[in-house]
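Number of protein chains: 2
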Amino acid sequence: MIGPVDSHLRKQGVDVLLENSVEAFGETDSGLMIRLKSGGTLDVDFAVVCIGVRPESRLAQESGIKCGERGGIITNEHMQTSDDNVYAVGDVVQTSCFFSSTPIQIPLAGPANRQGRIAADHIFGRDSTYRGTQGTAVVGIFGMTAAMTGLSEKSLIRTHTAYEKIYIHPSDHAGYFPDAQQMMLKLLFDPKTGIILGAQGVGTTGVDKRIDVLAIAIQAGMTVYDLEEVELCYAPQYGHAKDPINMLGFVASGVLRGDQPIIQVDTLSSYSAESLLLLDVRTAAEFAAGHIPGAKNIPIETLRERVSELPRDRKIATYCKVGQRGYYATRILDQLGFDAANISGGFQLWSNYSAHDNNAID
Amino acid sequence: MIGPVDSHLRKQGVDVLLENSVEAFGETDSGLMIRLKSGGTLDVDFAVVCIGVRPESRLAQESGIKCGERGGIITNEHMQTSDDNVYAVGDVVQTSCFFSSTPIQIPLAGPANRQGRIAADHIFGRDSTYRGTQGTAVVGIFGMTAAMTGLSEKSLIRTHTAYEKIYIHPSDHAGYFPDAQQMMLKLLFDPKTGIILGAQGVGTTGVDKRIDVLAIAIQAGMTVYDLEEVELCYAPQYGHAKDPINMLGFVASGVLRGDQPIIQVDTLSSYSAESLLLLDVRTAAEFAAGHIPGAKNIPIETLRERVSELPRDRKIATYCKVGQRGYYATRILDQLGFDAANISGGFQLWSNYSAHDNNAID
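Protein sequences, first through last, are from chains R and E. Just so we're aligned, residue 91 is where the first sequence starts under our numbering, counting upward by one. Just so we're aligned, residue 91 is where the second sequence starts under our numbering, counting upward by one.
By construction, these hints were calculated from the structure, which means they are not laboratory data. Since the structure is predicted, the reported quantities are computational estimates derived from the model, not experimental observations. Among the hints, a few may not be true.
Put simply, identical chains are the same to the list, so a pair is met inside one copy or across any two.
Quick list of in silico lysine to aspartate or glutamate cross-link-like pairs, EDC-like style, CA-CA up to 20 Å [as the list claims (entries may be wrong)]:
id, residue 1, residue 2
1, 405, 364
2, 405, 146
3, 282, 395
4, 127, 117
5, 101, 280
6, 282, 254
7, 244, 356
Okay, chain R solo, but in the shape it has when bound (with noise of 0.2 Å):
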């Protein structure tokens, strides 16, 4: 999800430095000096530090009320902390998590506002109770936004959960209305049930509007098949008729029926070429400009005829640009017996993926 906002910030004329640290500033008589881990130098006039929050509780631990292991303040659903007479509430205090009911600590303004309602309903007497912290956040740069709601995929793999996901490219609204621009959405979600895990998105207009969509859909213990059927605000400047959130439903659902079989572009590397065959579906002009190294190129309007060309002892990933003609080059396969399963996020995500991989999974 970090390829749009690098290239983004480059455009802005941002040099984004990854996998480098500080290690030592120092005063120089123009400004301040960063002597980098990599061994360079850089003259800045200032440095901001953004490495995280670390709670304030010196106060309640020297009163004896319990701490966590990140030094947040412990608290129970009704916001008491281990004094049942002492509240705490706010980015000091470790909550649960909402999917888990582990302890998480997450500062968000939205759930310390809340956190304090519930705080002084209980201290009134009434039984209100917090649900825990989703992790809904947004971040504005230079126009472009960024957004998640839920678990992210770093923290599925942490705590050993059991996920899929896919990625789409859809336009904020209907193409033929001006202004259209293209965001990138993943979805998270339960690979059995279909319950949705979490999401992320990245574009310019409309994706605070799709996260906060499914972050309702996430506290409504919504799965992906629902997603299919939401009836949402539909005109051309909007959205779309199958607006990016019903896409979301219609191709993890598909993935989850089985109908549409995904290959994610994070294991491609761990096929060899005599496993697995990669199939470019997009036309020949699109091939020249850029394709994945190695990839075989049949436009999806002559595949039924060539397909006689394709191998049936290896596994077929089908790609095009976002993924839509790689999905109906995976039916035709999958419908004449071949084994074949689609990129998800074609090759706009295999792009971005192979110009960032020394991140990672994100």
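Based on these hints, arrange chain E on the given structure of chain R.
Below, chain E alone, put in the same frame as chain R:
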């Protein structure tokens, strides 16, 4: 809800003629003449007649396939017509209401698309079913957005369904961030269970987002209590730590819990001066610039010291600009034993309503 739309249209130079209709069209040398029911005439270059959608179901009717009262082809949940082997989808069909399962005919592109997929699924042996049409719609009007989802107040009245309603006027994002724009939201909900029945919004940016979020909440069967707890994207340019969606939940839940008695603008005329005191708790300057006729002005800051001026033998309807100070006043008076209620939507809604009350409830 039409108040802001009507004002916006007039500001763009559009003449809006209400409580009127066309009696006849006639040709003139320069173009077209329209004779109005009110007596006058209009000379125009062209006329656009928007009088609803009628299904073109003649083929079905002539084939003996059953159609509804309004001409729509009757379909079951699999989109089968009265002839099992014939399916119908789109604007031509009569489907069922998401809430009541009663027959409805709403021509919308989103439902049409879903119906097409469901019919195809069923033809190929899958048990896909249509969940009914929720009625989510949006329209852009010279940069303004008007959107709705679920049942309107009009349809709730027509079907004798019990409901409660609230109005809020939040800004689309945090007020301290540039370009915050006020919107108007209306929420309709079940007065016993709090289940959300419908919502409407009018404003500029962020209206379609909030209605989409509420469309999902309705799809999930959520209550106003759930809206209090939802966790949405927050950064100051996108929303609020207490998003308008949370605010709808806070206000509606406050009404149902009895914390925040409200009184509706459209019921004020049913009270006599002997049975109701209108209490304007805005500043003296705001009051002087315009107020509800007959209202007494006690600014919220001085309310506690001036309560002796208030009657205990009458209901007191408090109000401010949009509702927050009116709410504080209601809480203060309630705790002092007065029979107080806050006018939902405040002076702003009253102004809209009194300027358009010939259109009654919409």
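Against the structure, the hints come out as follows:
1. Taking the closest pair of Cα atoms, residue 405 and residue 364 come within 20 Å of each other only inside a single copy of the chain (9 Å); across copies the shortest separation is 83 Å, beyond that limit.
2. Proximity of residue 405 and residue 146 under a CA criterion of 20 Å is satisfied in neither setting, with 54 Å inside one chain copy and 49 Å between copies.
3. For the identical chains of this complex, residue 282 and residue 395 are neighbours neither inside a copy (37 Å) nor across copies (63 Å), given an alpha-carbon limit of 20 Å.
4. When the C-alpha separation of residue 127 and residue 117 is checked against a cutoff of 20 Å, the pair qualifies only within one copy, where the shortest distance is 18 Å, while the shortest distance between copies is 82 Å.
5. Taking the closest pair of Cα atoms, residue 101 and residue 280 never come within 20 Å of each other, the shortest separation being 37 Å inside a single copy and 51 Å across copies.
6. In this assembly of identical chains, residue 282 and residue 254 lie within 20 Å of each other by CA distance solely inside one copy; the values are 9 Å within and 40 Å between copies.
7. Only within a single protomer do residue 244 and residue 356 lie at most 20 Å apart by alpha-carbon distance; the minimum there is 13 Å, versus 53 Å between protomers.
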